[in-house]
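There are 2 protein chains.
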Amino acid sequence: MKQDDRNRRQEEQTSPAGMSDVETALKELRNKIDAVDEAVVELLAERQKVVDRVVALKKAHNLPVRHPAREEDLISKRRQQGAASELDPDFIEDIYRTIIRRSRVEQASSMAGKSVRPGAKVLIVGGEGRMGRYFRRCFVDADYEVRSLDRNDWWDVDRLCREIDLAILSVPIEQTEAIAVRLGPHLPAEAVLSDMTSLKAMPLAAMMTAHSGPVVGLHPLFGPTTSTLDKQIIVAAPGRRSSDCQWLLDQFISWGAIVMTADAREHDEIMDIVQALRHFATFAFGRFLSQKQIRLSRSLEFSSPIYRLELGMVGRLFAQDPSLYCEIILASSQRRALLKDYVASMNENLEMIEKGDKTRFQEEFMKIADWFGAFSDQAMRESTYLINKLIERF
Amino acid sequence: MKQDDRNRRQEEQTSPAGMSDVETALKELRNKIDAVDEAVVELLAERQKVVDRVVALKKAHNLPVRHPAREEDLISKRRQQGAASELDPDFIEDIYRTIIRRSRVEQASSMAGKSVRPGAKVLIVGGEGRMGRYFRRCFVDADYEVRSLDRNDWWDVDRLCREIDLAILSVPIEQTEAIAVRLGPHLPAEAVLSDMTSLKAMPLAAMMTAHSGPVVGLHPLFGPTTSTLDKQIIVAAPGRRSSDCQWLLDQFISWGAIVMTADAREHDEIMDIVQALRHFATFAFGRFLSQKQIRLSRSLEFSSPIYRLELGMVGRLFAQDPSLYCEIILASSQRRALLKDYVASMNENLEMIEKGDKTRFQEEFMKIADWFGAFSDQAMRESTYLINKLIERF
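Protein chains in written order, with the numbering used here: chain W, -19 to 374; chain E, -19 to 374.
No lab work stands behind these hints, which were simulated from the structure alone.
These figures come from a predicted structure and were not determined experimentally.
Only true hints are included.
Any copy, or any two copies together, can satisfy a pair, since identical chains are not distinguished.
Straight line, CA to CA, 30 Å or less: simulated DSSO-like cross-link-like pairs of lysine-lysine:
{"no.": "1", "residue 1": "K57", "residue 2": "K12"}
{"no.": "2", "residue 1": "K7", "residue 2": "K29"}
{"no.": "3", "residue 1": "K39", "residue 2": "K94"}
{"no.": "4", "residue 1": "K7", "residue 2": "K211"}
{"no.": "5", "residue 1": "K335", "residue 2": "K347"}
Generate coordinates for the entire structure from the input sequences, incorporating the hints supplied.
Right under this line is the structure:
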C-alpha cells in the first residue's frame, strides 16, 4: 500500500498531464539563463580589456600592481549592489574575489618583465635544481643577465662570478655551508650574497663568514610548481648592509610576493613546527595508512569533505620530492629533538585509549580548546569556506 | 650610489612629470571597470529571477532540483565562449561553479518544504540534542508532524509513539542500544525505526532486536552547523524491509543529500579510519602544540597557505563539541585497538629520527608514495585548487 503510493507518485513525476507544456516552459527559461550567462562572459571579456589597459599604464609609469584599498572598495560596492538586488552579498563577494585575484595575477605576470635593477648580473648557484631553474626563469623574464653555477661548473667559477651584483645559493641544506665557503673568495666585494635554504641561522652565519659584502638570507615558502608568486611568502633574515640588499626584496615584491622579515633564529624555531613537525606528522599518518592497507577510494566514497581535504593533504605530501621533505624533516638536531618529543607526547595518550577514559579525554580536549582560544573559531570559519569550495568543485 | 638609484626610482614613482594625467587616465579606466561590474551584478540579479521561476515550475510539477547534465552543458558552453574571448576557461568555470552551486542551494532550500510523505508523523528520540533539533527543523519545514522524545518525556512515551510512521534515534552512541530496547515495545508495527549514530553494526543489531518492523541505520556525515544538506553524505545501512524505508532516504535526497548504501560492518571499518583515527591524530597534534606553547599567530605570519590550512584543520576540531569527538574516537574496542596500532607505528619512526637516517627516510617515503599511487596526484590537484582559493580570500 505504501509502496503503491510511492509508485504512483513516481509516475506523476515522469508523465503528468501537460508535461510537454512544462518542458517547453523550462526550455524557455533555460534559454533566458543562457542568454544572461553569455552576456556575463561578454562583460568579463570587456573587463579584461580594460584591465589590460590599466596594466599597460601602470607599467609605463612604474606604478605598483596591487591596490588593496581599491580592491576592498570594489568589493564593498558590489556587495551593496547585490544586497539591494536581493542577492546574497557573500555570494557576490565570492565571485568578485575570484575576478580580482585573476586580474591581479595577470597584472603581476604582465609586470614580471619589469626589473627593479635592469641588466644586473645574477648568479644562481645550483641553477640546475628545481628551485634554481624556477628562479632563473623569473630573473631572465625580468631582463636580468642570469648565470648558473652547478656542480660541474666550478672550474669556471671566476668567469661566472665576474661583475655579478647578486649570488643566490639554491642548494640542499647540508651543502649550503660548504658551498658558501667555496664561493666566497670569488665574489665581487659589493655583490649581494643570498640563499634559498629552509633553515636560516646556519646558512646566514656561513654566508657572513664567507663574504664581507651585503648578505641576506631568504626562505621562499613555496615550491617550484607554484604558478605565480602572487601573495606567496618569502622570509628574509637580514645579514649585513640591509639597504644594499633591499633591491632584491623589492624585486620579489614586484613579482607579487610578500616579504616577511625575521630574525634567523626565530625563523628556524617557527619552521621547526610549521615545516618539520607538520610534515613529519603527515608522513607518519600516511605511513600508517599504507601499513594498514586502507582502501583509499572506498573510504573517500563514505566521507565528509573535511576528510577528503585531510586525506588530500596527506596524499599531497607523497606526490612531492622525497629528498626535499627528508632535508626539511631531519634538518637539525633541534628538529629531531622536537620530533622525539612529539612521539613521546603521542605515547602519553596510550593509557587513555586503553582504558577508554572518556572523562580524561574530555578534560584534555577542553584544556587544549582553551589554549587554541579564538583561533579555533577563525579556523572553523576559514575551513568551512573551503569545504564549501570543495563541494562546489568536486 | 646604489641607494641613490633606488631613491631616485622611488621619487619617479611618486611624483613623475605628468602624474595627474596618469591619475586621470587610471580613474577613467577604473570607472569603466566599475560600470562593467555593475552590469555584471545586474545580470546576476536578473539570472536569479529566472532561476526562481524555474524553481517554482519544478516545485509545481515535482521535478528534481539537480540536473547534472544541464550543469555540465552550461559550464562547457561558457568555457568555450571564454576561450573564444581570450579568457582563461578555468577562470570562467571557477566563476560558474560558484554561480551554479548557489543556484542549486537556493533551489534545494526552496524545495525543502516539499515532503515525500506529507503529514507523516515523525518521532525524534533525543530531540533536544543538537542533531535532534537540526533534523526536527528539517522535518517540520517539510510539513511532517514532528514529535520529540527526550530524557524527561518517557512517562509520555505511549502517546508520543501513537501512529508514528518513523522514529529516529538521535542519541549518544553508548545510549543507543538501551534506548532502542526501551523504545521498541511502544512502536507501531509498521513504523520505520532508524538512528543517526556514527557506528552502524551495534545500533542496527539493537534496533533489529527491539523492533520487528522496517529498520534502517543512518549515519549523516555532517554536523548540526551545516547550513544546507546540498551534496552532504548520509550513509544508509539496510536493516529490514528496505522498500518500506525508502521514503525516508528519498526525503533526504529531496533535501539535496547524497545517500550511500553500505553494509553496517563495512561502514564501521571505514569510519574507524575516516573518523576515529583521523580525529585522534588531529587531537594528538593539537595537544602537542599546546604542550609546547607554540605561538600560533606568529607561526601563521611565516607560513605557506598549506600550513594555514593544516593548522586550520586542527583548530577546527577544538572549536567543536568534546563529547561528540570523545564518542567517536573511543567508540569501540576495535577503534581503540587501531589507535594503539597507530601510536605503535609512530614509535617505529624513532630510530630513524634519532640517527637522522636520510636513506631510510627516503626509502620509506618512496614506498608510501607508491602505495598512494594515482591518489597523490589527484590530491595535489585538489589541494592546489583550494590553496588558491585560500589565497584569493584571506
